[in-house]
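Please model the entire structure based on the sequences and the hints provided.
2 protein chains.
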Amino acid sequence: MNVSTHREIERKFLVRKMPDGLTSCSRAEISQGYLVSLDDGLQVRLRKSGEGFSLTYKRGIGNVREEREVELTAEQFDALWPATEGKRLAKTRYEIPLGEHTVEIDVYHERHEGLIVAEEEFDEEEAAKNFRPPDWLGDDVTGDPRYSNQLLAS
Amino acid sequence: MNVSTHREIERKFLVRKMPDGLTSCSRAEISQGYLVSLDDGLQVRLRKSGEGFSLTYKRGIGNVREEREVELTAEQFDALWPATEGKRLAKTRYEIPLGEHTVEIDVYHERHEGLIVAEEEFDEEEAAKNFRPPDWLGDDVTGDPRYSNQLLAS
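Same order as they appear, the protein sequences are chains U and V. With the numbering used here applied, the first sequence corresponds to residues 284 to 437, in that order. With the numbering used here applied, the second sequence corresponds to residues 284 to 437, in that order.
Some hints here could point you the wrong way.
Restraint ranges, calculated between C-beta atoms of paired labels, are given here [said to hold, decoys possible]:
{"id": "1", "chain 1": "U", "residue 1": "Thr375", "chain 2": "V", "residue 2": "Leu381", "range": "49 to 59 angstroms"}
{"id": "2", "chain 1": "V", "residue 1": "Pro417", "chain 2": "U", "residue 2": "Thr356", "range": "35 to 45 angstroms"}
{"id": "3", "chain 1": "U", "residue 1": "Ser314", "chain 2": "V", "residue 2": "Gly335", "range": "24 to 34 angstroms"}
{"id": "4", "chain 1": "V", "residue 1": "Asp427", "chain 2": "U", "residue 2": "Thr356", "range": "32 to 42 angstroms"}
{"id": "5", "chain 1": "V", "residue 1": "Glu358", "chain 2": "U", "residue 2": "Glu349", "range": "51 to 61 angstroms"}
{"id": "6", "chain 1": "V", "residue 1": "Glu409", "chain 2": "U", "residue 2": "Thr385", "range": "54 to 64 angstroms"}
Derived BS3-like pairs: lysine-lysine, alpha-carbon spacing no greater than 27 angstroms straight-line [to be verified]:
{"id": "7", "chain 1": "U", "residue 1": "Lys341", "chain 2": "V", "residue 2": "Lys331"}
{"id": "8", "chain 1": "U", "residue 1": "Lys295", "chain 2": "U", "residue 2": "Lys331"}
{"id": "9", "chain 1": "U", "residue 1": "Lys370", "chain 2": "V", "residue 2": "Lys341"}
{"id": "10", "chain 1": "U", "residue 1": "Lys331", "chain 2": "V", "residue 2": "Lys341"}
{"id": "11", "chain 1": "V", "residue 1": "Lys341", "chain 2": "U", "residue 2": "Lys341"}
{"id": "12", "chain 1": "V", "residue 1": "Lys370", "chain 2": "U", "residue 2": "Lys370"}
{"id": "13", "chain 1": "V", "residue 1": "Lys331", "chain 2": "V", "residue 2": "Lys341"}
{"id": "14", "chain 1": "U", "residue 1": "Lys341", "chain 2": "V", "residue 2": "Lys370"}
Just so you have them, the derived chain V footprint on chain U, three or more residues with Cβ under 8 angstroms [as the list claims (entries may be wrong)]:
{"id": "15", "region": "350-359"}
{"id": "16", "region": "362-369"}
It should be emphasised that the hints constitute simulated quantities derived from the structure, not laboratory data. Built from N, CA and C at the ideal position, the CB exists for glycine as well.
Written as structure tokens, this is what we have:
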């Protein structure tokens, strides 16, 4: 059981062009939907990533958030998933090594086809502030609500 | 796995005096807390009842509501429970046979000590309307927000 409780510090960028070597990277098809998704950042999210299922509780706004995640069985997921109707999105996630970190690139599908966003998570706010993005990353959209998954799913 | 998706039709009463024969009835100690609890009736509730754990999603207000419930493992429950801090309540629930139905009597504890509420669930709205409460039931508080568990937990 993958149970994590932590405070999330991350930065988010638009992707100017896809980096080289993607075909050799880890990749997952993700479908996610929201049981709850509020303007103040409170959310309860269901996610299917590859063959894994999870429920995530998040609270707070900005680059430091509280997050609690539990794995679900397929049966638990299937029982709750219908309640997310109208609040869903689908994306392909690539995980790309970058120095000592991993960058997640999300390629959105369906009505958000064409949108590609990269996220990098940090242990400390100082490291997040000092991060120098490679040239294939474009505008810094950290905290920009237009690129929150909550809004993209609504 | 107990997975239920249904529309709930119920009536709620204050309890004037406890009915006879309670000691022979089914009884459970319940602790519940809310990950989400909104005025419009949207809620995500965690519950420990005896040795069982569950997560319930509810939407809607009044005597007809949508409800989806899944059993949780103790580990899943423990990972999410801290997020309900400040939005919890404890009660003893008795299940009492009454004709062809079962009445649930909730005896609240801690800061709600002294409050006792009974709930009966029906298959159809017509049956709910026609229900004649026995004399040990008092005021009909169906839909009265003062006696919602959401409010009692806040």
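**Asked** Would the pair Lys341/V and Lys341/U pass a check requiring their Cα atoms to be no farther apart than 27 angstroms?
**Response** 18 angstroms, holds
**Item:** Satisfaction of hint between Lys370/U and Lys370/V, Cα-Cα up to 27 angstroms
**Value:** 26 angstroms, holds
**Request:** Confirm or reject the claim that Pro417/V and Thr356/U have a C-beta distance inside 35 to 45 angstroms.
**Result:** 42 angstroms, holds
**Prompt:** Thr375/U and Leu381/V, beta-carbon distance inside 49 to 59 angstroms?
**Reply:** Holds, since Thr375/U and Leu381/V (Cβ atoms, about 55 angstroms apart) stay within the stated range.
**Asked** Checking C-beta pairs, does the region 362-369 of chain U have three or more residues closer than 8 angstroms to chain V?
**Response** This one holds; 4 residues, not fewer than the three required, reach chain V with a Cβ under 8 angstroms.
**Message:** Can you confirm whether the C-alpha distance between Lys341/U and Lys370/V stays at or below 27 angstroms?
**Reply:** 16 angstroms, holds
**Thr385/U and Glu409/V - C-beta distance against the hinted 54 to 64 angstroms** = 58 angstroms, holds
**Prompt:** Under the criterion that the straight-line Cα-Cα distance not exceed 27 angstroms, is the pair Lys331/U, Lys341/V satisfied?
**Reply:** 22 angstroms, holds
**Prompt:** Cβ-Cβ distance between Ser314/U and Gly335/V: within 24 to 34 angstroms?
**Reply:** 29 angstroms, holds
**Item:** 27 angstroms Cα cutoff - pair Lys331/V, Lys341/V
**Value:** 17 angstroms, holds
**Request:** Go check the region 350-359 of chain U versus chain V for me, would you? Three or more residues, Cβ under 8 angstroms, otherwise it fails.
**Result:** holds (count 8)
**Prompt:** Is the straight-line distance between the alpha-carbon of Lys295/U and that of Lys331/U 27 angstroms or less?
**Reply:** 22 angstroms, holds
In this structure, only the earlier hint numbered 5 is contradicted, and the remaining ones agree with it.
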